[in-house]
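Undergrad: Below are the chains, spelled out letter by letter.
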Amino acid sequence: MNLSNYLVLASLLFAIGTATVLLRRNAIIVFMGVELMLNAANLLLVTFARIHGDLQGQVMAFFVMVVAAAEVVVGLAIIVSIFRTRRSASVDDVNLLKS
Amino acid sequence: MPILRLLELAPAQQQAASGFFQSSAWLLVAIPLLSAAFLLLAGKRADRWGHWVGVAASGLAFLFGLGVTVSLLGDDAATRVRSLHLFSWIPAGSLHLDAGMRLDPLSLTFVLLVTFVGTLIHVYSVAYMEQDPSRRRFFAYLNFFIAAMLLLVLADSYLLLFVGWEGVGLASYLLIGFWNHETPNAVAAKKAFVMNRVGDLGLIVALMLMFATFGAVDFTTVFHGAPAASTGLLTATGLMLLLAACGKSAQFPLQAWLGDAMAGPTPVSALIHAATMVTAGVYLVVRSAPIFEGAPTAQLVVVIVGGVTLIFGAIVGLAKDDIKKALAASTTSQIGYMILAAGLGPVGYALAIFHLVTHGFFKAGLFLGAGSVMHGMDDQVDMRRFGALRKFLPFTWATFALGWLAILGIPPFSGFWSKDKIIEAAFVGDGWRPWVFGLVALIGAGITAFYMSRLFFMTYHGTERWTNDQHPHESPRLMTVPMIVLAVGSAAVGGLLSIGGAFTIWLEPVTGHHEHGEPVLSVPVITVATLALVLAGVFFAWRQYAVSTVPTTPPLASGMTRAARRDLYQDEVNEAVFMRPGQYLTRSLVYADRRVLDAGVNGLGRLVAASGEVLRRLQNGFARTYAATMVAGLLILLVVVLVFQS
Amino acid sequence: MTQLSVILSLPAALTSGGNISAGETALFWVLAPLMVFGALGLLFARKAVHAALGIVLVMISLAFLYTAQEAPFLGVVQVVVYTGAVMMLFLFVLMLVGVDNSDSLVETLKGQRWIGAILGVGTAAVLIGVIRTATLDQAKGLTSANADSNPVGVARVIFGQDIFAFEVVGVLLITAALGALVLTHRQRLVPRVGQKERADARIAAGGGLAPLAAPGVYARSNALDTPALDPEGRPIEESVPRVLRIRGQRRSATEVQAQIGGTAAVDPAQIEEGSQP
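Chains as they are written, first to last, in my numbering: chain R, 1 to 99; chain B, 1001 to 1646; chain Y, 2001 to 2277.
Derived by calculation from the structure, the hints in this document are not laboratory data.
Note that this is a predicted model, so its numbers are computed, not measured.
One or more of the hints may lead you astray.
The list that follows gives simulated cross-link-like pairs (lysine-lysine, DSS-like), each with its CA atoms no further than 30 Å apart [unchecked claim]: (1) Lys2110/Y x Lys2047/Y; (2) Lys98/R x Lys2047/Y; (3) Lys98/R x Lys2110/Y; (4) Lys1044/B x Lys1190/B.
The following block holds chain R by itself, in its conformation from the complex:
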């Protein structure tokens, strides 16, 4: 096998993450799908770091992780505050921008 298998795996995970974002209604599960996408990207970066023999890819993946952590913090805070006011965690309920 060669290293492109990792890439294929990463793409597959990314696609499943996309599908989760589009298909699930629970806000937290959608968020988890986003996390899955980020992780798939991290795998991609690490694989390419290995291919190029350059640690830059790993550093990028590291930063992605840090930023993802920050993002999760804020995102979950938002979901919690929405849930407190609306008592619902469904993504479809935040449709006030409907025209």
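Model the placement of chains B and Y on the given structure of chain R, informed by the hints.
TA: Relative to chain R, chains B and Y alone:
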């Protein structure tokens, strides 16, 4: 082949105005105009003395005009055409038009006539409009009219003439509809204005033709270039100018408005619709002599129009019972004489103007007399309700009689000198023309005599046919004095100005000197025939209206009389030929505008709104739909990039 | 320490340069299906907690793969930060929102299911197609880059080239923490109910002045189903768990008395029949 007239001189050969009076000739227009503005803006506090300001303005203009005339008389005959440059008006590309005044015998004749008769009528109006609360406004409009008319006759270019032309049209509208709280008056004013507009169209087209042909519209350039222009263009221009003249002078086919214009106060009818404004058409034709002389066809049309109108007016005048309307028909007919004379060429120009001057005097006098009768008979206008007024209105009777004799053409009164000369001139020429035109003029004179005598006898003689509450009384001094002055003028002016052909010689710088042709009938024959017809007309009128009883209601009459009572169905014809098709055109255009254009534009708007409605559904507010759109866009972008890379 | 050195020496065993050893292949082919399975579990699970478990599986497998790819530092960070912190955060929020909160399977947006499926498959197809048709460089491997061990190498890059990004990311983390505080801040809408207020409310409702006894004061036995007896010998209902009470597995006071011996101030037989206070 007329000798080159002074007005056909090249621009470089024109004489400039000199001396105090000539250089300040613009005051002739400015003084009445300022007075009009002042009277309009002064407000109610000027009501008690405003009219005297108006009279003074008109009088001042007359004295000034007299000054200019005297200064011109002092000059040699060859230098009597002066131009006064006022200011540079239109410097636009190839058109460089300056506003200026042309001081020559023709314009000064008009100036004197307008201001003299105008001032007399101003004085008359002080007493006639005494009871009217809007008297000040009346005088403002009268002054405005004087200013506009003077601008018209003093202008040195067709465009400036047009400004004056429009000004008198406006003044006419304002004055006819002076009592516009009564709807018929407002309607009559509107009718006059609209029919004038049709004539104005002719003048505008003529202006355009002149500009296209000569590159300029001032008299000097146009007349200098006229002999060299093509006949076709000159004919077209001439016909358009004739159309303008017909509109302003109430000639056939635009004569329907003058009868209705009698709805205005009588001084207005006297000044505007007898003596001055309606003669502006004649002025235009005579002024444009070089153009008409290059277009014989146009001249023929002018003569025909004049001939048709004089018969038309005479026939209508036969059947009118309203004194003012009868006099209006008479005006149309007399101006027909002037137009006929003007169309005869150089031989007739001076005669047309001469008749214009004498007509100004006696027609104004007749109208003022009619006003005096109306004043004494409580604003009654139906002649069938007059009768035997001679004892009660002696001054009016006397002045009216003089005017009547003048218009008949009885020697030695004015009309004889002017009208008979026109009839003689009509008989000059070759072929069928002198016979047709001459006989028409002759017969017209006979009919004129009949209907004018009818008017005179019905009003002042015969039996009393008044309504129960009439107390006829003479008019105050302020009214009778102007009438007397005009009567003296009607009697004497003609004779005085004919001594030694003074008037013709005075006008020569404008009309050119020429030899009289010989009429096909000898002069004595014509004179005797005319007098005979006139006396016959007077006799028949006397028999029917002074001796027999005049019925107080119009009796059943023949078809011709009925037609004449209805103005020979002129209104019906106008409506059918112009008004209704015009209305249909307007309505169909409005319909097209609404259905086609508006529908198109609105439809486009609706289409956009509808498509917006459809697109709006994309914004359903659901985050997942937006996410799907984003992913789809991303995929498409990736695919496109990949496809174009490989 | 020794564990760390074992972990750090693993990559050397699995790979040398860009070559992929048989061990790595085996690792990959074991973990890859598991990861796909976990991801699909995230996609299709009804309960949110099952979905969370699925993604945790994915993340831990990823840590394994990072380690296999000569990125041990990143593997550890993945476990500690991602799985350990982020996913636990997710689970806490899930508990806050409602653990047994389950999505209905009915799709509310028209056609969204089809769109989601098509787009997901489409994404996979496009990306995999690109990878398949691309020619990759010969893998160089990270042996030279990891010469001073992977953390040192990574540290060299972070604190060398990307020091500015590092600082900014630090600021970002602080901002995120503050943001979370601000977003979840709740205004006090009702006055704070402190001890005094609570006591006042209890008295107003007709409760007793004295506090309840400490646990164990009245207990007769360690057994859950044995009720405690109050000074009069009556059983205290609240001392038996509600579930047992409902199931009827509470021991009666008589049994209790018999077991413990001794006399009660009140006749046990009366106690059971009479109404309890």
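Undergrad: Among all the numbered hints in the text so far, which are the ones the structure does not match?
TA: Checked against the structure, no hint fails, so every one of them is satisfied.
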